[in-house]
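J.: Kindly produce the complete structure, drawing on both the sequences and the hints.
As they're listed, the protein sequences go chains S and P. Note that the first sequence ends on residue 318 in the working numbering; no numbers are left out. Note that the second sequence ends on residue 641 in the working numbering; no numbers are left out.
Hint data in this document are derived by calculation from the structure and do not stem from the laboratory. Don't be surprised by glycine CBs; every beta carbon is placed ideally from N, CA and C. Some clues are possibly wrong.
What the hints assert, rightly or not - If you anchor each label on the Cβ, the simulated ranges turn out as follows:
| hint | chain 1 | residue 1 | chain 2 | residue 2 | range |
| --- | --- | --- | --- | --- | --- |
| 1 | P | S469 | S | S11 | 28 to 38 Å |
| 2 | S | D7 | P | S465 | 27 to 37 Å |
| 3 | P | T444 | S | F131 | 33 to 43 Å |
| 4 | P | W476 | S | I107 | 32 to 42 Å |
| 5 | P | N434 | S | V26 | 44 to 54 Å |
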Amino acid sequence: MLRYVLDRVKSSVVVLLVVSIITFAVLMIIPGDPAQLILGTEATTEMVEELHAAMGLDRPLYQQYLGWLNDLLHLDMGTSYVYGESVKSLITGSLPVTLSISVFAMIIAVFFAFLFGMLSAIKKNSIIDYFSRSIMQLGTAIPSFWIGMVFIVYFGLKLKLFPVSGFVPFSDDFGGFIKSITLPSVVLAIGETGTLLRIVRSSMLDSLNQDYMDMAKVKGLGARKIYIKYALRGALIAPLTIIGMQFAKLAGGTVVVETIFSLPGLGRLVLGAVEHRDIVLLQGLVMFITAMVIFITLAVDVLIMFINPRIKSFQRGE
Amino acid sequence: MMNEIMNDADNTVILKNLHVSDSMGNTLVSSSSITIKMGEIFGLVGESGSGKTLTAKSLINLLPDDLCCSADEMIVAGKNMLEISLREKKAHIGKNAGYIPQNTVFFLHPMIKIKNQIADGFIDHTNKNKKEALEKAEGILRKVGFSNPKSVLNYYPWQLSGGMRQRINIAMALMNDPKLIVADEPTTALDSTVQKQVMELFRSINEELSISILLISHNLGLVKNYSHSLAVMYAGAVVESGTTKSVFENPKHPYTQLLIDIIPTMKIKKTEPLAEIPGYVQEKGRDTKGCLFRDRCPKAMEICENYVKEHEDGGHYFRCNLD
Chain S
1 MLRYVLDRVK SSVVVLLVVS IITFAVLMII PGDPAQLILG TEATTEMVEE LHAAMGLDRP
61 LYQQYLGWLN DLLHLDMGTS YVYGESVKSL ITGSLPVTLS ISVFAMIIAV FFAFLFGMLS
121 AIKKNSIIDY FSRSIMQLGT AIPSFWIGMV FIVYFGLKLK LFPVSGFVPF SDDFGGFIKS
181 ITLPSVVLAI GETGTLLRIV RSSMLDSLNQ DYMDMAKVKG LGARKIYIKY ALRGALIAPL
241 TIIGMQFAKL AGGTVVVETI FSLPGLGRLV LGAVEHRDIV LLQGLVMFIT AMVIFITLAV
301 DVLIMFINPR IKSFQRGE
Chain P
319 MMNEIMNDAD NTVILKNLHV SDSMGNTLVS SSSITIKMGE IFGLVGESGS GKTLTAKSLI
379 NLLPDDLCCS ADEMIVAGKN MLEISLREKK AHIGKNAGYI PQNTVFFLHP MIKIKNQIAD
439 GFIDHTNKNK KEALEKAEGI LRKVGFSNPK SVLNYYPWQL SGGMRQRINI AMALMNDPKL
499 IVADEPTTAL DSTVQKQVME LFRSINEELS ISILLISHNL GLVKNYSHSL AVMYAGAVVE
559 SGTTKSVFEN PKHPYTQLLI DIIPTMKIKK TEPLAEIPGY VQEKGRDTKG CLFRDRCPKA
619 MEICENYVKE HEDGGHYFRC NLD
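T.: The structure is reproduced here in structure tokens:
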């Protein structure tokens with residue numbers, strides 16, 4: 001068990017290293033000189049070269065890489081040219097925004113996907129099944145920028161229930177925090193619910209057809225035990241994997257929704273860094289988001305191993 | 319002894335004229351009747367697709383949702399299943415019947431430890447707590463041949479062999495002290511040495527606890543050795559039933575006669591091909607008034623097309639136009 005986790009951590013470190021090399025290489029290769037960018041078009045060649053030397057950009061690439069990696073290991077991701085702030089503080093500033101809406105969105109999506117996914121599998125071809133299938137279609141089909149704007153117009157401007165933009169930190173005002181993340185979270189959740197519902201429904205149907213369900217029925221168990229202890233337990237793995245992927249995707253920044261609701265989240269930070277060729281910030285962000293995605297995937301895998309301990313023995317080749 | 323008049327209380331199962339059909343209206347099982355006496359092993363034999371499993375599953379309320387069944391009478395462990403609600407049926411079956419499947423792999427939930435699935439039915443039906451339930455489970459596991467029940471309880475099903483899993487299934491079926499155990503080809507997935515162990519276990523359960531066992535099998539030799547009574551099914555209908563002794567000594571139906579003739583023996587010569595009954599079990603037209611076996615029957619007559627006579631003599635039943 002511990003060995004399985006350690007194995008996974010080891011391979012995660014390797015992935016991170018590879019990603020760091022690729023990130024560094026790609027951002028070095030693409031055209032655009034950060035020194036030129038900082039100094040502007042008026043700068044003389046001497047000034048640019050001076051700045052190169054100051055920033056270490058005149059060293060050989062591998063030295064630059066090792067220096068960057070070393071700083072990274074000390075959690076020093078450098079300073080953004082554009083914002084003039086340390087990358088670390090930029091990330092820690094925008095992370096709570098993205099994490100709050102991602103977590104809230106996933107809670108909503110998981111609740112509805114499991115509720116309707118299970119019901120529609122148990123009562124296949126009933127009204128509730130048709131209803132759930134419509135949710136699936138709509139959820140995946142409706143574009144988030146459109147539903148986001150509809151929400152802003154209706155709930156924000158007409159009914160004035162929620163603020164139309166901005167983020168209120170958790171520590172400032174809890175009610176305001178919830179209000180400020182509700183609309184963006186619901187918009188994100190609509191997109192994810194459809195996909196997740198589909199997976200829950202199909203794995204639940206699969207589980208309901210398994211022979212162990214016959215056994216549970218013969219035992220005369222109550223519906224709660226039959227459907228939750230036996231059927232749901234057997235149907236958890238695929239949805240959990242998808243939840244992990246969805247959460248990792250959202251946590252890595254949701255550009256469209258953050259833009260619509262003017263939320264200062266990770267997605268907007270990435271967008272700004274790309275627009276302004278802020279290479280230091282971009283490198284830092286890519287590494288941070290990769291690490292976060294790897295961590296989430298790892299956590300989900302460990303969770304799945306608890307639910308289906310058989311995976312352990314597959315790993316050992318038994 | 320067989321001629322004694324039994325009253326209903328002595329029978330664990332009375333099933334009269336069972337009819338099972340699918341959602342398209344095709345008949346799968348027609349006019350099948352079986353009576354299982356208290357404390358006997360009752361063999362239900364027939365080829366694949368003859369309706370053995372459907373007949374047994376209708377008794378324990380396990381038919382797939384798209385099939386519907388009707389019967390003139392269906393009494394299981396003292397209750398008329400036709401008169402009680404679905405909820406009562408579930409509780410009654412859960413309490414009084416056990417089910418042992420053919421396939422040992424998928425009937426135990428692979429992600430739940432044995433100790434968390436062996437006793438949940440018992441807990442539901444008796445208001446005992448889990449500790450008491452597990453104590454009982456240990457005793458039963460010891461009875462079905464585990465010398466280390468405590469550690470077995472902590473295993474996941476996939477950590478055990480096929481024979482062990484089948485014994486777990488048997489132990490699970492015994493948890494509620496059932497009156498009836500339905501064993502659907504319980505030894506088909508096991509090799510022959512384990513098969514013998516499991517069958518001996520059934521015999522000892524039957525003898526010591528006087529639990530009735532409905533043993534479904536396509537292996538006539540096995541049924542001959544272990545059952546007290548039997549019924550032979552063909553294309554969804556019981557064609558002959560009676561005590562094992564009388565059916566084997568004096569088979570009346572041509573199908574039963576052929577089945578008995580083709581049981582492989584040790585005397586078989588290497589060059590001689592195994593005997594078989596030519597043709598297949600028909601899928602369609604099972605609701606005919608005539609004899610279902612007529613197309614494969616060596617003794618078929620013209621009358622078999624439209625009519626089949628039912629005989630009943632001292633508990634030995636068969637349906638054939640021959641006497």
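J.: State for each hint whether it applies.
T.: For each hint, the structure was consulted:
no., hint, verdict
1, P/S469 x S/S11: 28 to 38 Å, "33 Å, holds"
2, S/D7 x P/S465: 27 to 37 Å, "35 Å, holds"
3, P/T444 x S/F131: 33 to 43 Å, "39 Å, holds"
4, P/W476 x S/I107: 32 to 42 Å, "33 Å, holds"
5, P/N434 x S/V26: 44 to 54 Å, "51 Å, holds"
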